[in-house]
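Protein chains in written order, with this note's numbering: chain C, 1 to 293; chain Z, 1 to 273.
Keep in mind the hints are simulated off the structure, nothing from the lab. Owing to the predicted nature of the structure, the values given are computational and were not obtained by experimental measurement. Each residue gets a CB set at the ideal place from its N, CA and C atoms; glycine is no exception. Wrong hints could be hidden among the right ones.
As the list claims (entries may be wrong) - In silico negatives: residues of chain Z with every beta carbon more than 12 angstroms from chain C:
id, residue
1, Pro48
2, Lys50
3, Val51
4, Trp53
5, Lys61
6, Thr160
7, Pro186
8, Ala196
9, Lys260
As the list claims (entries may be wrong) - Some chain Z residues near chain C, calculated using beta-carbon distances under 10 angstroms:
id, residue
10, Thr35
11, Phe69
12, Ser136
13, Pro176
14, Phe177
What the hints assert, rightly or not - Below, computed lysine-lysine pairings styled on BS3-like, alpha-carbon distance capped at 30 angstroms:
id, chain 1, residue 1, chain 2, residue 2
15, C, Lys4, Z, Lys189
16, Z, Lys50, C, Lys129
17, C, Lys288, Z, Lys103
18, Z, Lys3, C, Lys99
19, Z, Lys130, C, Lys58
20, C, Lys129, Z, Lys61
21, C, Lys4, Z, Lys102
22, Z, Lys7, C, Lys99
23, C, Lys184, Z, Lys4
24, Z, Lys3, C, Lys101
25, Z, Lys219, C, Lys237
26, C, Lys97, Z, Lys260
27, Z, Lys103, C, Lys5
28, Z, Lys104, C, Lys191
29, C, Lys287, Z, Lys4
30, C, Lys99, Z, Lys4
31, Z, Lys7, C, Lys191
32, Z, Lys7, C, Lys101
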Amino acid sequence: MKNKKTEQAFWGYLLIMPVFLGLMIFYIIPFFQNFYFSFTEIGIFGGSTWVGLDNYKKIFVDKEFWQSLKNTFKYVIIAVPLGISISTVLAVLLNTKIKFKGLFRTIYFLPVIAMASASGAVWKWIYNKDFGILNFCLSFFGFEHISWLNNPTTSLYAVVVVMIWMKIGYNMIILLAGLQSIPKSLYEAAKIDGASEIRQFFFITLPLLTPSLFFVGIMTLISTFQVFDIIYMMVNKYSIAINESTSVVSLFYRYAFEFNEKGYASALAAILFFIIIMITLLQFHIKKKWVHE
Amino acid sequence: MNKKIGKFMIYFTLICGGILSTTPFVWMLVTSLKTMGESTQIPPTMFPSKVMWNNYVEVFKLLPFGKYFINTLLSTLIMVIGQLVFCSMAGYAFARLQFWGKKKIFLVFLTILMVPGQIYLIPQYLIIQKLGLLNSLTALFLPGLFSAFGTFLLKQFFETIPRELEEAAIIDGCNPFQIYWRVMLPLIKPALITLAILTALYGWNSLMWPLIVNTSASKMTLSAGLASLAGQRTTNIPIMMAGSLVAMAPMLIFFIIFQKNFIEGIASTGSKG
Numbered sequence: 001m002k003n004k005k006t007e008q009a010f011w012g013y014l015l016i017m018p019v020f021l022g023l024m025i026f027y028i029i030p031f032f033q034n035f036y037f038s039f040t041e042i043g044i045f046g047g048s049t050w051v052g053l054d055n056y057k058k059i060f061v062d063k064e065f066w067q068s069l070k071n072t073f074k075y076v077i078i079a080v081p082l083g084i085s086i087s088t089v090l091a092v093l094l095n096t097k098i099k100f101k102g103l104f105r106t107i108y109f110l111p112v113i114a115m116a117s118a119s120g121a122v123w124k125w126i127y128n129k130d131f132g133i134l135n136f137c138l139s140f141f142g143f144e145h146i147s148w149l150n151n152p153t154t155s156l157y158a159v160v161v162v163m164i165w166m167k168i169g170y171n172m173i174i175l176l177a178g179l180q181s182i183p184k185s186l187y188e189a190a191k192i193d194g195a196s197e198i199r200q201f202f203f204i205t206l207p208l209l210t211p212s213l214f215f216v217g218i219m220t221l222i223s224t225f226q227v228f229d230i231i232y233m234m235v236n237k238y239s240i241a242i243n244e245s246t247s248v249v250s251l252f253y254r255y256a257f258e259f260n261e262k263g264y265a266s267a268l269a270a271i272l273f274f275i276i277i278m279i280t281l282l283q284f285h286i287k288k289k290w291v292h293e
Numbered sequence: 001m002n003k004k005i006g007k008f009m010i011y012f013t014l015i016c017g018g019i020l021s022t023t024p025f026v027w028m029l030v031t032s033l034k035t036m037g038e039s040t041q042i043p044p045t046m047f048p049s050k051v052m053w054n055n056y057v058e059v060f061k062l063l064p065f066g067k068y069f070i071n072t073l074l075s076t077l078i079m080v081i082g083q084l085v086f087c088s089m090a091g092y093a094f095a096r097l098q099f100w101g102k103k104k105i106f107l108v109f110l111t112i113l114m115v116p117g118q119i120y121l122i123p124q125y126l127i128i129q130k131l132g133l134l135n136s137l138t139a140l141f142l143p144g145l146f147s148a149f150g151t152f153l154l155k156q157f158f159e160t161i162p163r164e165l166e167e168a169a170i171i172d173g174c175n176p177f178q179i180y181w182r183v184m185l186p187l188i189k190p191a192l193i194t195l196a197i198l199t200a201l202y203g204w205n206s207l208m209w210p211l212i213v214n215t216s217a218s219k220m221t222l223s224a225g226l227a228s229l230a231g232q233r234t235t236n237i238p239i240m241m242a243g244s245l246v247a248m249a250p251m252l253i254f255f256i257i258f259q260k261n262f263i264e265g266i267a268s269t270g271s272k273g
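Make the full structure from the sequences, and use the hints.
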């Protein structure tokens with residue numbers, strides 16, 4: 001018996017060893033290292049000197065940082081509710097008795113599969129001031145040509161549209177699975193009681209979909225806070241709208257790997273970490289108030 | 001009558017949505033077949049007057065696109081295989097074997113899932129730099145071989161498998177590794193496919209990591225290569241679009257073949273989250 005126990009433990013440790021070491025070296029130790037780095041200045045070859053709270057102090061008075069934080073919150077505040085509402089509507093419609101269900105699902109899923117750099121490239125072309133198809137279409141309605149991505153007032157909104165477009169399929173699939181798990185008997189009972197379809201939606205569908213909505217909400221929230229790829233692809237470094245569309249992660253990237261101020265960038269990452277953790281915890285805290293158990 | 005209008009509205013909305021979600025890809029294809037001159041023509045043409053298949057050849061001449069292709073394919077493939085092997089081993093151990101400290105170690109793994117990825121990037125970059133692996137194929141996949149998410153996903157799946165199935169093997173005197181390899185692994189095939197798909201999607205499309213570790217032109221991936229092409233001041237748009245399509249094509253084909261698995265896989269991560 002004792003032999004069996006040690007045998008199990010032996011295999012247990014052996015089987016988790018690769019993942020354990022890999023996660024230790026590339027994730028767990030780096031997690032703490034990043035906090036240490038945020039109090040240092042890092043040279044090109046990785047040597048670091050302690051500077052105390054200097055990086056954080058600098059960030060606190062850095063206008064660019066506050067602007068990027070504001071932009072990031074704007075991305076979140078627009079993309080999360082709008083994206084999830086659209087996905088919910090589509091999922092509900094796809095859950096009705098219709099033809100070509102699979103085809104629609106596939107089509108909506110395409111932007112999820114697509115490489116962000118490829119999507120970014122084509123959207124940049126669609127948004128082009130002189131030759132873009134968007135301005136061409138809008139010109140029929142008498143709109144002036146706008147340089148969507150190079151205009152400080154429009155660039156953020158142009159980017160957010162693409163962000164929503166990229167996420168709809170993913171959210172829709174998860175919500176659809178949530179809808180399909182609602183027992184049919186509930187609707188039958190409601191029908192016998194004479195509840196209209198709209199009442200059924202608000203009193204059965206929506207409450208029972210809240211766990212899926214919560215999951216999708218958290219996932220979209222976290223990924224939107226970390227948006228980088230499409231901004232990098234669509235808004236050129238030299239664009240006059242760069243400040244108005246930069247996210248915190250874009251700023252992190254520039255400091256870490258373009259300006260080579262890795263200590264400052266580590267502090268940015270640490271701040272982003274705290275913001276995301278706080279908001280996620282807040283979400284879990286208010287979960288009880290609206291999510292059906 | 002009312003029902004008919006309802007049905008019509010449903011189809012109408014779904015079709016409009018479908019058009020909006022596919023238009024960018026259609027436009028990518030149309031533009032990729034135009035000459036540079038025609039791509040900037042106003043009004044834009046829907047069908048290229050001269051179909052420029054040559055753009056697809058040009059993109060391979062303009063950039064080492066073939067190399068990008070191989071780099072992306074190899075690094076994605078290695079990442080997928082690595083995660084399948086390592087995560088299934090660990091997932092099985094966490095689900096079935098008893099050993100001291102198991103719960104605590106698993107909890108540490110779970111917290112990794114909560115942390116935004118940027119926090120690891122600078123230390124990871126410095127590790128790769130210290131190992132002298134900047135601008136190498138290894139740099140592209142090394143940190144991606146290990147996944148807390150994959151371990152979690154597979155552990156959950158291993159737990160759903162009835163214990164009776166292992167008992168025969170235990171009586172036969174199989175050791176835990178033999179049980180894992182011969183009995184359990186074939187049983188969790190759907191979960192392995194899900195993990196493979198999610199990892200492939202991540203590996204193929206990711207941008208920031210390849211962008212920072214591999215800056216030399218011959219070691220880039222497709223997505224980083226596209227980014228460098230887009231960053232040039234004068235971009236030949238049709239060639240850029242051709243490159244984008246070529247870069248996306250393998251994933252699209254993969255998706256169309258394994259559609260059902262993709263969609264079920266994504267849906268299952270939602271219900272288990």
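C/Lys97 paired with Z/Lys260 [C-alpha distance capped at 30 angstroms]:
Answer holds: C/Lys97 to Z/Lys260 is near 19 angstroms, not above 30 angstroms.
Would the pair Z/Lys219 and C/Lys237 pass a check requiring their Cα atoms to be no farther apart than 30 angstroms?
holds (23 angstroms)
Given the proposed pairing of Z/Lys3 with C/Lys99, does the C-alpha separation stay at or below 30 angstroms?
Since the Cα atoms of Z/Lys3 and C/Lys99 sit roughly 15 angstroms apart, the hinted pair holds (cutoff 30 angstroms).
Proposed proximity, C/Lys191 with Z/Lys7 (alpha carbon, max 30 angstroms):
Holds, at about 19 angstroms.
Is the claim that Z/Lys260 lies outside the interface with chain C correct, judged by CB distances over 12 angstroms?
Violated, because the least Cβ-Cβ distance between Z/Lys260 and chain C comes to about 9 angstroms, which does not exceed 12 angstroms.
Would the pair Z/Lys50 and C/Lys129 pass a check requiring their Cα atoms to be no farther apart than 30 angstroms?
Between Z/Lys50 and C/Lys129 the Cα gap is close to 25 angstroms, so the pair holds against 30 angstroms.
Check the non-interface label on Z/Trp53: least C-beta distance to chain C beyond 12 angstroms or not.
The assertion about Z/Trp53 holds, with a minimum of 19 angstroms to chain C.
Checking one constraint from the list: CA of Z/Lys104 to CA of C/Lys191, max 30 angstroms. Satisfied?
violated (50 angstroms)
Verdict on Z/Thr160 as a residue remote from chain C, using beta-carbon distances over 12 angstroms:
Correct as stated: the minimum Cβ-Cβ distance to chain C is 16 angstroms, above 12 angstroms.
Per-residue hint verdict: Z/Pro176, partner chain C, C-beta under 10 angstroms:
holds (4 angstroms)
Hey, is Z/Pro186 genuinely clear of chain C, shortest beta carbon separation above 12 angstroms?
holds (17 angstroms)
Between the alpha carbons of Z/Lys7 and C/Lys99, is the straight-line distance 30 angstroms or under?
holds (11 angstroms)
Checked against the numbered hints given earlier, the structure breaks hints 9, 10, 11, 12, 28 and 29 and satisfies all the rest.
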